[in-house]
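A.B. asks: Each chain, written out:
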Amino acid sequence: MTSAASTDTTLSDDWARRVNTLLLVVAGILIMTPTVWMVLSSFKPSFEVTAYPPKLFFTPTFENYAQLTKTTPFLSFALNSVIVTVGSAGIGLLFGIPAAFAVSWTRISWPALLALAARMAPGTLFLLPWYVMFRQVGLIGSYTALILSHAVITMPIAIWVLLPSFDNIPRSVYEAAQVDGCSLTRILLRIALPLVGSGIAVAAILCFVFSWNYFLFALVLSNGDTKTLIAAAFNFVGEGSTQWGALMAAATLIALPPLLLAAVVQRWLVAGLTLGAVKG
Amino acid sequence: MEIVALSAPAVLFTAGMIAFPLVYTVWLGFHSFTSAGEQRFTGVANYARLVSDWEFWHGLWVTLVLYVLSLALQLVLGIWLAVILFNAKRIHGIVRSLFISPFMMPPVVAGMMWLVILDPSLGAANYLLQSLGLPPSDWLASPTWVIPTIALIDTWQWAPYVALIVLGGLQSLPPSVYEAAQIDGASGFRTFRRITLPLLMPTIVTAMILRSVDLLRFFDIIYITTQGGPGNASNTLNIYGFRVGFEFFNIGYASALMLTLAAIVFGAVLALNRLRHAVAW
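Chains as they are written, first to last, in my numbering: chain A, 1 to 280; chain B, 1 to 281.
Bear in mind the hints are in silico, worked out from the structure with no lab data behind them. The structure presented is a predicted model; accordingly, all values stated were derived computationally and were not measured. C-beta atoms are modelled at their ideal positions from N, C-alpha and C, and glycine is treated no differently. Treat the hints with care, as some may be off.
[What the hints assert, rightly or not] Not everything, but these chain B residues come out facing chain A in the computed CB check (under 10 Å): (1) F41; (2) V44; (3) F56; (4) A110; (5) S142; (6) G188; (7) R190; (8) T191; (9) I195; (10) T196; (11) L197; (12) L199; (13) L275; (14) H277.
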């Protein structure tokens, strides 16, 4: 009797697991399909991309990518994006790392809360005074204005991702160094930093991704020469109303760097994204 | 003393790029700007205008409808996805990367992508509907459907994010909770509703706070797809404030609008934070 009962439960457990796997596959397909469609469309010949009914099978071509680099300054937009993203991520980390260490060391929480407040405010709220300020000093359209504005996105990310990492280091680790009379800067550089290596990697990648993806500031603060890819995407949409192939090629290329980077750190990404609210 | 030096770059940067501009916005909100670039103190005139501005109230309504709709969809789907992921026990890195991909993608790219899929005449979505025998929709081009459509796009992008947060909450629950329920012979769904869900509430409210901050300031996907249209059907407060400021260059009135929106976001976060304390265990 008992053996039959246990077979029964394993049987239903088995079924429950199969149904669950099936649901997971369905969810995965629903999540993936739009992105796959975007990538497929970018490889379609221009006369087939707007075909109706839409075609699933076609001879792939790089025509759209070639057209994109020929008819738009795509590569210089990409270079602008790299400059602004690397610059702002660099400033965010350079300012954010010592700040996060100081906040963790003193256990004062208000600077971190201030950084959180910066995340809560709508971007336009900052853009209005910046626009007036940058115009007065002639910085509209400059890389400086773009990098500084994007650093307002990256620095709070760096602080919030690194705070839990620094908090997790037990105080006893620092004690020997303190007895030796090491300065705080030395303690940060020699002891704390090597211990939060993975945290810094996640912070750097999140800074990069969110700066790369940010739309609003570059929309107003860039000009024709300093336009980032994301801001240029707005023009692609206007011009690309009939050129779906080139539009989807642009979308694919713009999405590629953040998606690749996110895949590298996927395991640690979620804890970082929830600002330490959930330990995953 | 060294602590001060370590935090000085961040503090100075915050003062120059965040704190001072915020104070300056408050000042701008009390002023009017002529086309010649001259500014004039007008007291609360911008706020008086806001109260009687039909577009403001419309924008507030659109913002709130989009907020409630998106948040509800993302929470329900996100929790459901989290349970599926949790039941799968082991989660492969590829599955996690797949779940992360929508919300790591630039919202602007998500907008471009869905613009093509949801095209009223040539889009794949309408073809799919028609081959299932359902009527096609104008999606983003329809004044009635534009808000639900944007909510769907945002849900595609962020429900997986909610799922991963809730999954973190599920994984941190003590296993004894489930054992006790099993001994009592409670059914799966009853266990979930009576025991798991209440224990998950703090995590769920955290997810609500994180999503509320973004949803109340909704901008990117709308600006890339409809710019507030058709007509003004998707003209959220953030879109409206941006257009007042940078299309009509009415910096003073735009400042008043954005400060009001910031107050709404701040209020929502405070309220949800109280809720989080109320459901804590």
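A.B. asks: Against each hint, give a clear statement of whether it holds in the structure.
C.D. replies: Cross-check of the supplied hints:
Checking B:F41 against chain A by beta carbon gives a least distance of about 16 Å; that is not within 10 Å, so the hint is violated. Residue-level restraint check for B:V44 is violated (minimum Cβ-Cβ distance to chain A is 18 Å; threshold 10 Å). With a least beta-carbon distance of about 14 Å to chain A, the hint placing B:F56 at the interface is violated under the 10 Å criterion. Residue-level restraint check for B:A110 holds (minimum Cβ-Cβ distance to chain A is 8 Å; threshold 10 Å).
Because the closest C-beta pair between B:S142 and chain A is about 18 Å apart, greater than 10 Å, the hint is violated. A distance limit of 10 Å between C-beta atoms decides the matter here; for B:G188 the minimum to chain A is near 8 Å, and the interface restraint holds. A cut of 10 Å between beta carbons decides the hint on B:R190: the least distance to chain A is about 15 Å, and the hint is violated. With 10 Å as the threshold, the beta carbon of B:T191 stays out of range of chain A, its nearest partner Cβ sitting at about 13 Å, so the hint is violated.
Because the smallest distance between the Cβ of B:I195 and any Cβ of chain A comes to about 18 Å, over 10 Å, the interface hint for this residue is violated. Look at B:T196: its Cβ only gets to about 16 Å from chain A, farther than 10 Å, so that hint breaks. For B:L197, the shortest C-beta to C-beta distance to chain A is roughly 16 Å, which exceeds 10 Å, and the interface hint is violated. The interface hint given for B:L199 is broken, as the beta carbon of that residue sits about 14 Å from the closest beta carbon of chain A, more than 10 Å.
For B:L275, the interface hint is violated, since its Cβ never comes within 10 Å of a Cβ in chain A; the closest pair sits about 14 Å apart. This hint is violated: B:H277 has a C-beta 14 Å from the nearest C-beta of chain A, more than the 10 Å allowed.
In the structure shown, a violation is registered for the earlier hints numbered 1, 2, 3, 5, 7, 8, 9, 10, 11, 12, 13, 14, in ascending order.
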